[in-house]
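**Student:** Read off the chains here:
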Amino acid sequence: MIDEQELWTRICHRDLTAFDDLYRTHSAGLKAFLSRTLGSRQAAEDVAQETFAKIWQSPNGFDPARGTLRSYLFGAGRKRAAEWWRRQKRETAVMEDRGECRLEAQSVIGNALEKLPLEQRTLLWLREVEGLSYVELAAILEIPIGTVRSRLFAARKTLKEIWHGARKSEEEW
Amino acid sequence: MNCELVKEYVSALCDGEKIPREAAEHIGSCPSCREELNEYAAIGLELRRLASLEESSQVARVDLEQQRETRVGWWQEGLMTMRIPRLAFGVMLITIVALSGGLVLVRARAGSTGGRFLELKYRVPVSPFAPYGRLGICIMRTDGSQKGNTCDFVDHGRTGLLLMNTHVISSLGDTAELGIRAKFVPGPGDRQVNYSEALFEDVPEKILSLLPGEEQEIEVAGLGKVGLQREYLDHVPSLAYRPQETLDPNPREFRIVTPVLVRDNEVIAKVDGNSINTGDADATLMLYVPGEGRYLMSIAPFEGASEGNVHLGQIAFSLDGHDYLLLTSTPITVSEHVWVKQEPEFKPSERMVRQADARDDRPMFLVRSLNKLEQQRIEH
Chain A
109 MIDEQELWTR ICHRDLTAFD DLYRTHSAGL KAFLSRTLGS RQAAEDVAQE TFAKIWQSPN
169 GFDPARGTLR SYLFGAGRKR AAEWWRRQKR ETAVMEDRGE CRLEAQSVIG NALEKLPLEQ
229 RTLLWLREVE GLSYVELAAI LEIPIGTVRS RLFAARKTLK EIWHGARKSE EEW
Chain B
379 MNCELVKEYV SALCDGEKIP REAAEHIGSC PSCREELNEY AAIGLELRRL ASLEESSQVA
439 RVDLEQQRET RVGWWQEGLM TMRIPRLAFG VMLITIVALS GGLVLVRARA GSTGGRFLEL
499 KYRVPVSPFA PYGRLGICIM RTDGSQKGNT CDFVDHGRTG LLLMNTHVIS SLGDTAELGI
559 RAKFVPGPGD RQVNYSEALF EDVPEKILSL LPGEEQEIEV AGLGKVGLQR EYLDHVPSLA
619 YRPQETLDPN PREFRIVTPV LVRDNEVIAK VDGNSINTGD ADATLMLYVP GEGRYLMSIA
679 PFEGASEGNV HLGQIAFSLD GHDYLLLTST PITVSEHVWV KQEPEFKPSE RMVRQADARD
739 DRPMFLVRSL NKLEQQRIEH
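First to last, the protein sequences are chains A and B.
Take any residue in the first sequence, count from 1 to its spot, add 108: that is its number in the numbering used here.
Take any residue in the second sequence, count from 1 to its spot, add 378: that is its number in the numbering used here.
Read the hints as simulated data drawn from the structure, not as lab findings.
Note that the coordinates shown come from a computational prediction; the quantities given were computed from them, not determined experimentally.
One or more of the hints may lead you astray.
To be verified - Partner residues aside, some chain B positions facing chain A, computed with beta carbon under 7 Å: (1) E386; (2) S389; (3) E417; (4) A419; (5) A420; (6) I421; (7) E424; (8) L425; (9) R426; (10) L428; (11) G511; (12) G669.
Said to hold, decoys possible - Here are the computed distance ranges between Cβ atoms for each label pair: (13) A173/A / S574/B: 46 to 54 Å; (14) E269/A / P506/B: 53 to 61 Å; (15) G605/B / E269/A: 53 to 61 Å; (16) H121/A / P506/B: 15 to 23 Å; (17) G565/B / I251/A: 50 to 58 Å; (18) Q196/A / H700/B: 22 to 30 Å; (19) K584/B / Q196/A: 48 to 56 Å.
We put the beta carbon where it would ideally sit given N, CA and C, even for glycine.
Required output: the full structure, derived from the provided sequences and hints.
**Tutor:** Here you go:
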């Protein structure tokens, strides 16, 4: 098990192998998370690369006392994703073209997840798929731990209702 | 306790969080809450299954790309699949290569005019010599010029020194023929070596024909395999180790390339080479001039220093009634001011001689954190 502090120190000292380790360990998970956040695989690829690029260019902000390197990375990715959404809103024309690059419908749960508000979707994915702790989620989303708990509950409740509704529709077909 | 009061705790319990005892007791005895818990667990399971499917599809896509182009690295993969921040990623790629290359002392300098350039990357795998691996760059001219067509370096590893001597024999079409001599000298890596051709007398030259993007390995006795890969450059690199780099320094960089120090319109030092610091808040240029001692120019204020002004590749300052101008071939820093001090008594320390090939009878420079440079003074 690589010590995260050591890995980060090496990255700060421009160690390519260390950065490569970080990339290889987390890029797939980050892209999957961003796919869900952005609703587009291509955008997720772009934002993930941008996230790694920024970290390499200016490796700062990671504090082991506040969470793991993974939670820091996902937090950085989430912020870049938010910037991406802001850009998209400004570029209406691009938004109209997004239809062809939207994430393909892969499952009922996937479709249901897409219907969740962005914040709930983000929170639930990071918790269930990435396994981030409440402390890490609080640090990433910059909210109190109690709010993490209540929002996760709200996300699950909403998703459950959407999911059940969708499954019922499928059965009716 | 009732279901309404514990609903958030059902979700928290699903996450393995500790919940109040009363809530746990209710959930344990309430079929409705237990059903809720099972449903949340099922949702989590479905989400993880979905994520597994997505990650698998990404891996499959990369595999296809690798079949099409077997030498695509992860950074190239990123470049190929990216649409929006291509520029940002490009900067990252070059920085990676360049700064990793900073682990070695590369003496080759690109010529100042014309010609095509060959970028040779070398990779030392993870080993006791290099616990984290090594990646470096040499840039050589391929237009037949004898100046700048060689690249020599000494790589200071944990278990010894890796000496390499590379030169371009010929370049025809896409194929470049390189002559390479590599030697591993076991022992402490932190020691002086006087680089010379004589070091390679007992090492036969290996001739490699390399196509762009192709990687070949050479066996270095006592060390193992070292990978070599080459690319062409169609321009004169502004920074020797950063062939694609833009002129603008990054916000946390302090760059000095081929500095010339002018005092009252007289050139007192002119040195080839480049040195870059990334990330230190007290990044400092140390310019040693025989007979003058050293000049320290830092982006952070320090004791006894005077303020100087930065404009692109120039630093103007005054010391002891003299006007100085430091000129470099690229913009230096995004800071508008630096702090300058002269230490007339300074001479290169043993460590500088050992690690930076410094001598007290010729000018030299390097960019480091002020703290490290101060340490050099103390050692001296």
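**Student:** Each of the hints needs a verdict: does it hold here or not?
**Tutor:** To see whether the hints hold, each was checked on the structure:
1. E386: At 4 Å from the nearest chain A Cβ, E386/B passes the 7 Å test, so the hint holds.
2. S389: Nearest chain A Cβ about 4 Å off; hint holds.
3. E417: Since the shortest Cβ distance to chain A is 6 Å, the answer is holds.
4. A419: violated, 10 Å
5. A420: Check failed: Cβ of A420/B comes no nearer than 9 Å to chain A, outside 7 Å.
6. I421: holds, 6 Å
7. E424: holds, 4 Å
8. L425: Holds. Min distance 4 Å.
9. R426: R426/B check passes; min Cβ-Cβ to chain A is 6 Å, inside 7 Å.
10. L428: holds, 5 Å
11. G511: holds, 4 Å
12. G669: Violated, because the Cβ-Cβ distance from G669/B to chain A comes to roughly 35 Å (cut-off 7 Å).
13. A173/A / S574/B: 46 to 54 Å: holds, 51 Å
14. E269/A / P506/B: 53 to 61 Å: Because 59 Å falls inside the window, the suggested range holds.
15. G605/B / E269/A: 53 to 61 Å: The hinted range 53 to 61 Å holds for G605/B and E269/A, with Cβ atoms some 55 Å apart.
16. H121/A / P506/B: 15 to 23 Å: Distance hint for H121/A, P506/B holds at roughly 19 Å.
17. G565/B / I251/A: 50 to 58 Å: Given about 56 Å between the Cβ atoms, the range holds.
18. Q196/A / H700/B: 22 to 30 Å: Because 57 Å falls outside the window, the suggested range is violated.
19. K584/B / Q196/A: 48 to 56 Å: Holds, since K584/B and Q196/A (Cβ atoms, about 53 Å apart) stay within the stated range.
In summary, the structure is inconsistent with hints 4, 5, 12 and 18 from the numbered list given earlier, while agreeing with the others.
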